[in-house]
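**Student:** Bring the two chains, given one by one in their own frames, into a single complex with the hints.
Note that the protein sequences, when read in sequence, are chains W and E. According to my numbering, the residues represented by the first sequence are 2 to 115, in order. According to my numbering, the residues represented by the second sequence are 4 to 118, in order.
By construction, these hints were calculated from the structure, which means they are not laboratory data. Each hint should be verified, as a subset may be incorrect.
Cut-off 27 Å, straight-line C-alpha distance, at most; resulting in silico cross-link-like pairs (DSS-like, lysine-lysine) [stated by the list, open to error]: (1) W/102 to E/74; (2) E/17 to W/102; (3) W/43 to E/17; (4) W/69 to W/110; (5) W/59 to W/43; (6) W/43 to E/74; (7) E/74 to W/110; (8) W/58 to W/6; (9) W/58 to E/74.
Pair ranges (Cβ atoms, derived) [what the hints assert, rightly or not]: (10) E/62 to W/41: 16 to 26 Å; (11) E/11 to W/97: 27 to 37 Å; (12) W/62 to E/60: 37 to 47 Å.
Being a predicted model, the structure only gives us computed values, none of them experimental. Glycine is no exception: its CB is placed at the ideal position from the N, C-alpha and C atoms.
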Amino acid sequence: QQQVKQSPQSLIVQKGGIPIINCAYENTAFDYFPWYQQFPGKGPALLIAIRPDVSEKKEGRFTISFNKSAKQFSLHIMDSQPGDSATYFCAASRNSGGYQKVTFGTGTKLQVIP
Amino acid sequence: NAGVTQTPKFRVLKTGQSMTLLCAQDMNHEYMYWYRQDPGMGLRLIHYSVGEGTTAKGEVPDGYNVSRLKKQNFLLGLESAAPSQTSVYFCASSYRRGASNQPQHFGDGTRLSIL
Numbered sequence: 002q003q004q005v006k007q008s009p010q011s012l013i014v015q016k017g018g019i020p021i022i023n024c025a026y027e028n029t030a031f032d033y034f035p036w037y038q039q040f041p042g043k044g045p046a047l048l049i050a051i052r053p054d055v056s057e058k059k060e061g062r063f064t065i066s067f068n069k070s071a072k073q074f075s076l077h078i079m080d081s082q083p084g085d086s087a088t089y090f091c092a093a094s095r096n097s098g099g100y101q102k103v104t105f106g107t108g109t110k111l112q113v114i115p
Numbered sequence: 004n005a006g007v008t009q010t011p012k013f014r015v016l017k018t019g020q021s022m023t024l025l026c027a028q029d030m031n032h033e034y035m036y037w038y039r040q041d042p043g044m045g046l047r048l049i050h051y052s053v054g055e056g057t058t059a060k061g062e063v064p065d066g067y068n069v070s071r072l073k074k075q076n077f078l079l080g081l082e083s084a085a086p087s088q089t090s091v092y093f094c095a096s097s098y099r100r101g102a103s104n105q106p107q108h109f110g111d112g113t114r115l116s117i118l
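With the rest of the complex left out, here is chain E (with noise of 0.2 Å):
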């Protein structure tokens, strides 16, 4: 069960460059998120989706843009890298329906240096 999967594992960029994050889960999960995590301030929300088709902006959007072509993908994209970008980014899908009770589960991270 392999839950949710993030790639690339690691990547070094330079400035001005893009990339497209990809994150995928098989637990048939309506929403998903992107988070980036950054030393002394925990998680924060970049986009999230809640459902095939649909995306919204969530605290940090600017300088990404996301996707969600099928139910199970979530892509993220930097069309310009910029070394603020430097960062861990997770990726995490939950079950649907609003419920506030429902926990989060994450992938296992992509490490992003934007040089």
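So here's chain W without its partners, still in its complex pose (with noise of 0.2 Å):
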């Protein structure tokens, strides 16, 4: 299986809240783990990334954990601001054939309200 399950697909918070974005995998073969923010108009950039021996990492405001049993794992963002409004993407990436393979969480559109 190739799929990254992300959910939800859109999300509502208030300025200072902690929006959670959580995705799932099953092929145990991915190793590496990045999330992707995008702007309207923009094409997507690397937020963070974390590999499946680290259980969290975080980057400023942004916490990615990790649950490799589970084969899941999240992004947290702390104090959310409406400069956050964005569409996020996680994705699970392996080596196949001599190349990255990236797939690709189908999106979370979020809303910061100030």
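**Tutor:** Shown next, in the form of structure tokens:
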């Protein structure tokens, strides 16, 4: 299975809240789990990434939590701001025939209300 | 530092017309990719290239062709456009050697409508 299932599809939070986006995968061959942030009219940009030998990674207000046994990982945004309003994609990648095969989730549209 | 540049940004085609989308990167990346993004479906890989002169099919290659004559450029062609190819197309690039922990760098997309 190559799917990465992402939820929720959309999310509205108040400024200062902590939105949480969840992803689940099936293929245990995945060994790199990036999150991308996409603003309207722009391409996805790498936000933060984690490898499966780490259970948590923080970069500023963004935290990835990783549960290898459950094959799940999530993105938490602390003290969310209106500027965080964007679409977030989780992804999982693995080496496949000498190139990086990346499977993307279907995206979560986040709106942070002032 | 331009990164990944896609041209054109917008295009409207009639069914059956052909066109080429251009992607250029200035980061000396070996790997380049073409994705399409449709509502509710995330990003799906069309074709990819692991180096100059080499291309391979991705998840949804039908109706598209690609070429990588120069390391910095990756072209996506539609020979006979169909309405089902209406989408936003993204090009991406990354470092080589198959190391899976290499982030992909994306362009800002080409919004293509087929009437």
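**Student:** Hint by hint, work out which the structure violates, then give me just those numbers in ascending order.
**Tutor:** Hint check: 2, 7 and 9 fail, others pass.
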